[in-house]
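There are 2 protein chains.
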Amino acid sequence: MAEFTAIFLPGNSSVCVPEGTTLLAAAAAAGLLLQTPCGGQGRCGKCLARVEGGVDAPTSLERRVLGPDQLAQGWRLACQARVAGDVAVTVPESSLITEHRIMVEGVERELTVLPNITKVGLDLPAPSVEDPRADLNRVLDALSGHVRPPTRIASLRALPRVLRQSRFQITAVAADGELLALEPGDTSENAYGLAVDIGTTTVVAYLCHLPTGKSVAVASDLNSQAQYGDDVISRIRIASSGAEGLAALSGAVVTVINDLIERACHEAGVPEEAIYELSVVGNTCMSHLFLGVSPAGLGSLPFVQVFRSAQTVRAADLGIGVHPEALVYLVPNIGGFVGADTVGVILASELDRSDGLRVAVDIGTNGEIVVARQGELHAASTAAGPAFEGAKITQGMRAAHGAIESVHINDDVKCHVIGDVSPRGICGSGLVDAVAELVRVGIITETGRMLRRQEVTGLPEKVAERLVENERGVAFVLARPEESFGGEGVALTGRDVREMQLAKAAIYGGMELLLEELGAGPADIEQLLLAGAFGNYIRRESARAIGLIPALPAERIESIGNAAGVGARLVLCSTEERRRAEEIARRVRHVDLSERKGFYDRFADAMMLRPLPSLQ
Amino acid sequence: MAEFTAIFLPGNSSVCVPEGTTLLAAAAAAGLLLQTPCGGQGRCGKCLARVEGGVDAPTSLERRVLGPDQLAQGWRLACQARVAGDVAVTVPESSLITEHRIMVEGVERELTVLPNITKVGLDLPAPSVEDPRADLNRVLDALSGHVRPPTRIASLRALPRVLRQSRFQITAVAADGELLALEPGDTSENAYGLAVDIGTTTVVAYLCHLPTGKSVAVASDLNSQAQYGDDVISRIRIASSGAEGLAALSGAVVTVINDLIERACHEAGVPEEAIYELSVVGNTCMSHLFLGVSPAGLGSLPFVQVFRSAQTVRAADLGIGVHPEALVYLVPNIGGFVGADTVGVILASELDRSDGLRVAVDIGTNGEIVVARQGELHAASTAAGPAFEGAKITQGMRAAHGAIESVHINDDVKCHVIGDVSPRGICGSGLVDAVAELVRVGIITETGRMLRRQEVTGLPEKVAERLVENERGVAFVLARPEESFGGEGVALTGRDVREMQLAKAAIYGGMELLLEELGAGPADIEQLLLAGAFGNYIRRESARAIGLIPALPAERIESIGNAAGVGARLVLCSTEERRRAEEIARRVRHVDLSERKGFYDRFADAMMLRPLPSLQ
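Residue numbers (the working numbering), protein chains in the order written: chain A, 1 to 616; chain B, 617 to 1232.
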């Protein structure tokens, strides 16, 4: 059969289709979904398009719906007009499905809502001797050939009952162009999805109303995998020890997600069964554990993943308690430990569309860095994070009630504690602040050594007496025992400083190395994006003072919140963003820092606790 | 991106592909699978093709494998050469995968073996720092982009273990272009499929070796659904009574199939897990019950099916004990009760490619009729069969040991009994024989009445005394009590004759009506095909004498055995045949006989027990 090219304007997408294809089907093949409330039967007149070139003659239905003037101007019903030659088709915005635009918080990012899950209410004719079509054909015909039959036997089994119980007034649920389920009556507004960001430490879930793309509830909790180790390395070790370890870690995160689903649904008054899809981001290790796939290959060189591309699986197969036919879309990974969460950050911040030199740093338990310029993207991961989330720091803790989150030193030490309660530990931003202040007053040297009381001169007395020493070395008391929760005081040790120093050197050194791939240095960064909760809370002047981030002018630094989670919401609400995420995952070059010559030099240089790059 | 047309010769299939597509991928899109033992890496030289038109310049790999002469003649490696313009590609037979040709018994039918299930042995490079590809990418890359990632989580979970246990020497199992499973080592020859014909009364399973298409074992058994009623109508009633009835019928046929699998595998020495796919034919009701889908819509006008098109489901979801990832391909139905088995008959007999007027009659428990001429196909179903399978006949039985299968009347009655044992009943062919002989000697009138002894004259004494009478009417004793198994004798009653008369009238009348759709009559039939075991065993002269089949010259009548089962084997061993089956199901017009004016007139005329069409 002859094939012709159909070009769709204004987007300029083109497809090759066989003669006789409806413009509706051709548009779908080109990625454009047109409105068809009548089910593509030529009655509603919503799929208007203007054609130039090879189409067949208007049908009698079209002549009835469109006037002679409209027909003369080239207007046709896309569901009726068929390709008869090469053709150009202009599709007005009003003919396109779901043109809501939503604003996603955290980053300024608009998207056209076009979820993978679509629900269409159908009022079908009952079977008759004149129209004895099979039940499935009756449904699929009304969906105008957009949708393939269900591949799951349960949906087929339910079909005749649902159709007849509801007297053929049903709602078809489709995903990825496949019929997922049928529901009695018109339930098309009752469609929810869940965007999930699986962090090494924290899991966040956003419940979204799919037809509008609006977030209706957010829930978060600790990743209970933490009981098996704080960082990805220890979890990989346990998962690699055998099927039981893997099952335990996989089960832990599924349990957390099920709990978040229950809470978010309860808060929004939405039944769990109204969730038809989950979109999930996480680092590579989290992605593997979530699917129950062994991350053993990530445990040692050459850091091999089992899968890298996007995965679509059944929620039921993972034990997730939502609609029984619901899908899980796992955003693709980039490489090594740089996972889907980084794809989410790039998507949310549009780094893939940057002209100027832009850098994003996502400091969670892992630290991921992305540098971008003119569509060229490089990413790396550092095992930098735990220090900033409290791990490895003697009295470190997460940014929760009782955490010292900022520190000022004048004639004495003044700390701010989250929740305005007695302090019981120090969180990431407090740690950065404390170190920066202690460097400023001379208690910590630029090389990171915490001095003994007798080595420092000119300190105010109240500050000096906080410098203590015990069998484990020197420490600086931020909160005295009597001021603290539990009465043990809160102190920062010399070792804690070393831990932080290692973490920040990995991040800064890694960033320098990535920038070098673009022939640039830290000073050339036009915009530095700080993703993750940590990015929101650190005092930037402290971070700059100790060389955690480059000493850029303030206006070039921006916090973008949980950008990975925003990315998960974007792919949940838009198949366009999904395609873009997959494109990003393919395009970003993963750089394995430990394999790079020069990394350890840069790492050593970046250990210095002073503004970087050094002005030499 | 520019798109170009690639035409593949000698088949003349063409595809539209983006610039830069390899000829290998373009060929796959056109339905041609080329040999790539090296995994499409340009090393083995097996995917040779000769090109004219737009391709890029030969790669260095090609220059190494092919000589300058070959290159000058336009020979290229399809895995390396890329489309750069419209191009014509000639693919020699030696480059195509699995070019075995097999002969299928029953009908003379050749096919190119090209199963949906493909197994490819791969010897993959182990990961290294230079080549840290993800496991899944490593496998898919070696399959040259023919194959999509697995959609089932179990396959992904098994991936890293299988790869490493077998030191990256594995066999990839793919179906429908999707990666189904991986196995350690090279198991590519260990690939089996099962073709199943679910009859209302009998289930037959053919175990086939997929790489060669050869049948290695056959097993058959009664359809144990029969305990819930002999015919489809009673089974529909039970299945419609509630979920339990449906589950019982569905479970019954699955149990039978599992039993056949065990027997066939035992006979051939093949493990059940080596079966990767089942192809299944059956009438519409059997198809629905097999999938556990309610056939209630078939129970009354307008006889609505739940599904009509081909279905692919997981064997595990149906409880079938084969490879855990195995698929079930259910051949599409035509309409009403005319199901996948009739598609199988058409496929096996190539009725879809007939020029002359050809008719196929498949008499099982249902009787299906297909008429074909010049690609035009009409089909109908009659509830005719049970009489010929023993049901509704007082002493009817299946064609098993002890069944009277032929009857001759001279000065006495001579019966042949299957197995040469004492008779205990009468099967279909014996029934047709008995009626034909009794009509010939004047005991049964052309209108079907069995006369009383006193109404017949000139009978040999030994024949006359077999005409008996009791409270239920007249009967003709075929075997006296003392000759018979169990001592009750075997007799044919006047009512039995009426039952057979109804059945044969439905078949003959239905055939006449279908022929009329083509403007023809029974005398115009150029070839009459008798499918089903019954067609093999009836004496044709008897069938013609009583007007069960038209009185055509013997050379125009052919028995084709279990053609439905042959059809199931064809689609199991060839995706081409599968596409053709789907095309057939779309093309055949289903005629609902009961809805046709004129059917009852024809039915009444066809009741006459004499050669038909009547020579008037």
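By construction, these hints were calculated from the structure, which means they are not laboratory data.
None of the values given here were measured: they were computed from a predicted structure.
Every residue gets a Cβ at the ideal spot worked out from N, C-alpha and C, and that includes glycine.
Please note that the accuracy of each hint is not assured.
[Stated by the list, open to error] Which chain A residues stay away from chain B? Per the calculated CB distances, all over 10 Å, these: (1) Gly45; (2) Arg64; (3) Asp131; (4) Asp135; (5) Asp186; (6) Ser220; (7) Ala268; (8) Glu273; (9) Ala274; (10) Pro302; (11) Gly336; (12) Arg480; (13) Gly487.
[Claimed, not checked] Which residues of chain A face chain B? A partial, calculated answer using Cβ under 7 Å: (14) Glu3; (15) Asn12; (16) Cys16; (17) Gly20; (18) Leu124; (19) Pro127; (20) Pro132; (21) Leu159; (22) Gly292; (23) Val293; (24) Gln305.
Right, here's what the structure says about each hint:
1. The Cβ of Gly45 (chain A) lies farther than 10 Å from every Cβ of chain B, with a closest approach of about 30 Å, so its non-interface assignment holds.
2. Under the 10 Å C-beta cut-off, the non-interface status given to Arg64 (chain A) relative to chain B holds; the minimum distance is some 28 Å.
3. The Cβ of Asp131 (chain A) does not lie farther than 10 Å from every Cβ of chain B; its closest approach is about 8 Å, which violates its non-interface assignment.
4. Taking the minimum C-beta to C-beta distance to chain B, about 5 Å, the non-interface status of Asp135 (chain A) is violated against the 10 Å cut.
5. With a closest Cβ-Cβ approach of about 22 Å to chain B, Asp186 (chain A) is found to remain outside the 10 Å limit, as its non-interface label requires.
6. Consistency note on Ser220 (chain A): stated as away from chain B, and its beta-carbon is indeed over 10 Å from all of that chain's, at 26 Å minimum.
7. Ala268 (chain A), annotated as away from the interface, keeps every beta carbon of chain B farther than 10 Å; the closest lies near 28 Å.
8. At roughly 20 Å from the closest C-beta of chain B, the C-beta of Glu273 (chain A) stays outside 10 Å, upholding its exclusion from the interface.
9. Distance check for Ala274 (chain A) against chain B: the nearest CB is about 24 Å away, which clears 10 Å, and the non-interface claim stands.
10. With 10 Å as the threshold on Cβ separation, the claim that Pro302 (chain A) sits away from chain B is violated: the shortest Cβ distance comes to roughly 4 Å.
11. With a least CB separation of 8 Å from chain B, Gly336 (chain A) falls inside the 10 Å interface cut-off, contrary to its annotation.
12. Against the 10 Å criterion, Arg480 (chain A) stays outside the reach of chain B, whose nearest CB is about 51 Å from its own CB.
13. With 10 Å as the threshold on Cβ separation, the claim that Gly487 (chain A) sits away from chain B holds: the shortest Cβ distance comes to roughly 49 Å.
14. For Glu3 (chain A), the interface hint holds, since its Cβ comes within 7 Å of a Cβ in chain B; the closest pair sits about 5 Å apart.
15. Below 7 Å, beta-carbon pairs count as interface contacts, and Asn12 (chain A) has none with chain B, the closest being about 12 Å; its hint is therefore violated.
16. With 7 Å as the threshold, the beta carbon of Cys16 (chain A) comes within range of chain B, its nearest partner Cβ sitting at about 4 Å, so the hint holds.
17. Hint status for Gly20 (chain A): violated, given a least beta-carbon distance of 15 Å to chain B, over 7 Å.
18. At about 12 Å, the closest approach between the beta carbon of Leu124 (chain A) and any beta carbon in chain B exceeds 7 Å, and the interface hint on this residue is violated.
19. Here the hint on Pro127 (chain A) is kept, as its CB sits about 4 Å from the closest CB of chain B, short of 7 Å.
20. Look at Pro132 (chain A): its Cβ gets to within about 4 Å of chain B, closer than 7 Å, so that hint holds up.
21. Hint on Leu159 (chain A) holds. Least Cβ distance to chain B is approximately 6 Å, under the 7 Å limit.
22. Of the supplied interface hints, the one on Gly292 (chain A) holds, with its beta-carbon coming within about 6 Å of a beta-carbon of chain B, less than 7 Å.
23. Interface hint at Val293 (chain A): satisfied, since its Cβ lies 5 Å from the closest Cβ of chain B, which is below the 7 Å cut-off.
24. Given hint, Gln305 (chain A) at the interface with chain B, holds; its Cβ is 4 Å from that chain's nearest Cβ, closer than 7 Å.
Of the numbered hints given earlier, the model fails hints 3, 4, 10, 11, 15, 17 and 18; all others are met.
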